[in-house]
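Modelling step: build the complete structure from the supplied sequences, incorporating the hints.
Going by full-length UniProt numbering, the residue at position 30 of the sequence shown is 30; the numbering climbs one at a time, nothing skipped.
Just so you know, the hints here were simulated from the structure itself, not pulled from any lab data. No false leads were mixed into what you were given.
Pairs of lysine-lysine, BS3-like flavour, derived with a Cα cap of 25 angstroms:
| # | residue 1 | residue 2 |
| --- | --- | --- |
| 1 | LYS184 | LYS215 |
| 2 | LYS184 | LYS212 |
| 3 | LYS420 | LYS436 |
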Amino acid sequence: MSSGKQTSECASNLQKKPRKQPATTMTSTQKLPLSEQLGGDLAKHLMASAMDTGSMNIIQRLHLLEQGAVQAATVHTSTIVVTASLTTQGPLSCAAQSPSPRQSGSTSSIVSVNSSKSTTLPGDDAYPKRKSNDIHTFTLHDFTAISALSSLVERYGRVSHMGILDSSYSFFMTKNRQAALYYKVRNNVAVVGGDPLCDPADYENLLEEFRKLRKHRRWGIVFIGATDDFAAYVSKQRWVTMRFGTERVLNPLTNPVLLEKEQKRMIVQNRQLLDPQRGGITVLAYAPAQGRDEILEQKLRHVYDSWRGNRNDSDQPQAYMTVFDPFAIPALMTYLYTVDRDGHCNGFAALRKIGANNGYHIDPYCATPDAPRGLTDLLIFSAMSLLQQAGIGYLSLGFEPTLELDEVKGLSRPMTAITKTCYRHAFRHLPIGGKKGYHDKFRPDPVLDSGLHIIYPDGAPSLQDALATLHFANIEVGGLMKREMSVVFSHKETQKHEQRES
Numbered sequence: 001m002s003s004g005k006q007t008s009e010c011a012s013n014l015q016k017k018p019r020k021q022p023a024t025t026m027t028s029t030q031k032l033p034l035s036e037q038l039g040g041d042l043a044k045h046l047m048a049s050a051m052d053t054g055s056m057n058i059i060q061r062l063h064l065l066e067q068g069a070v071q072a073a074t075v076h077t078s079t080i081v082v083t084a085s086l087t088t089q090g091p092l093s094c095a096a097q098s099p100s101p102r103q104s105g106s107t108s109s110i111v112s113v114n115s116s117k118s119t120t121l122p123g124d125d126a127y128p129k130r131k132s133n134d135i136h137t138f139t140l141h142d143f144t145a146i147s148a149l150s151s152l153v154e155r156y157g158r159v160s161h162m163g164i165l166d167s168s169y170s171f172f173m174t175k176n177r178q179a180a181l182y183y184k185v186r187n188n189v190a191v192v193g194g195d196p197l198c199d200p201a202d203y204e205n206l207l208e209e210f211r212k213l214r215k216h217r218r219w220g221i222v223f224i225g226a227t228d229d230f231a232a233y234v235s236k237q238r239w240v241t242m243r244f245g246t247e248r249v250l251n252p253l254t255n256p257v258l259l260e261k262e263q264k265r266m267i268v269q270n271r272q273l274l275d276p277q278r279g280g281i282t283v284l285a286y287a288p289a290q291g292r293d294e295i296l297e298q299k300l301r302h303v304y305d306s307w308r309g310n311r312n313d314s315d316q317p318q319a320y321m322t323v324f325d326p327f328a329i330p331a332l333m334t335y336l337y338t339v340d341r342d343g344h345c346n347g348f349a350a351l352r353k354i355g356a357n358n359g360y361h362i363d364p365y366c367a368t369p370d371a372p373r374g375l376t377d378l379l380i381f382s383a384m385s386l387l388q389q390a391g392i393g394y395l396s397l398g399f400e401p402t403l404e405l406d407e408v409k410g411l412s413r414p415m416t417a418i419t420k421t422c423y424r425h426a427f428r429h430l431p432i433g434g435k436k437g438y439h440d441k442f443r444p445d446p447v448l449d450s451g452l453h454i455i456y457p458d459g460a461p462s463l464q465d466a467l468a469t470l471h472f473a474n475i476e477v478g479g480l481m482k483r484e485m486s487v488v489f490s491h492k493e494t495q496k497h498e499q500r501e502s
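Listed below in structure tokens is the structure:
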């Protein structure tokens, strides 16, 4: 009997052994980093959304045919094929040369956004002139100027040029169309966003032509969000510069969170959200340059409007916020969005190409008020995963302002002290510290960080300059005064209470 039992047990053990093989396969799949799974799926989805061949130009069609021939002749692994496709044709490719102005036809939407506010550009007299109050008629001059502008934005764009998606800004371009800047006028001050859109060799010519326009219209000028490079240039002109923040940047190629060396809780949370049985969230990608999807864009606009409405209903003041048209310049944009198990969009992130850094800026990244917790974390993680697949090592998180002004140049010591005190009072009521804490958990690369500066070319800032700066930072003077008075009143009440107790 015992020998029979042993024989049957051995037989059953032999039958159970093959069942362990699928378990081993499952374990190896689970050990695959989430970034590789997510990034690979997003890349495949992005490239599967093929551009309508009827809308392609000759170069794009040749690239498509060449790509098909290479894939037919060569056997690759799936990851290598995706990466090669992104490098050759995809909208995330930074290695490819920037398209010539005449190839950027899709960026003509800038006309509809800013045509009525754009500065008149000197051009060839052969072009017919449009009346100043005629905003519905366009000439060849308008389209050639927009093509040149779109090329400058693509080549020299930085994180501080996020306002190009804000229709309240206007553009100024030099006569030779080799340089541009974008600005809005507040309190008779031209508030310029970031560095000039040009090669540094063209700074002087651009600033001189813009100075003539400002002189004619009696405008002052201030630059907000200028980089270390432009601040170094203007310091030679003895302009006033103030460092007010830092641009925080992620490196998707070396990021420790993406490599799952840090923030393990975030990785677990992302996996739970993506689990069909738990969170039921799916992350997808959309590139308008490959073909517009108006229905999808409408859904994403709804997500953005819901998020912005919920934010605006909050009693907490918001600094450095602007209202975007996320689809104003589709050629520069790639979007990631999330859907729930019912297919409803509940979050999205916009990736804008910034050619000056050969990378991307993620802004906005948002979710609907009823979206599951951690969705914006998942969007940022997904953006890093996709850029990792494309071999891109620069993802800017945007502005991170400080509560205290850092280095100030061009002012006397007493004036510097007064300026720092005013800045501290203006920004101490804003939730700036929370932004730094949120950025830190994604582990930005300090090597890629860059200073952000306010620049006053006309010397010490006047009251008009200060008011224009506060407007750019989305700070209402009335609200600021109320908060200051509230602090003073609260302080006096505390003193009275202490005196009564003593």
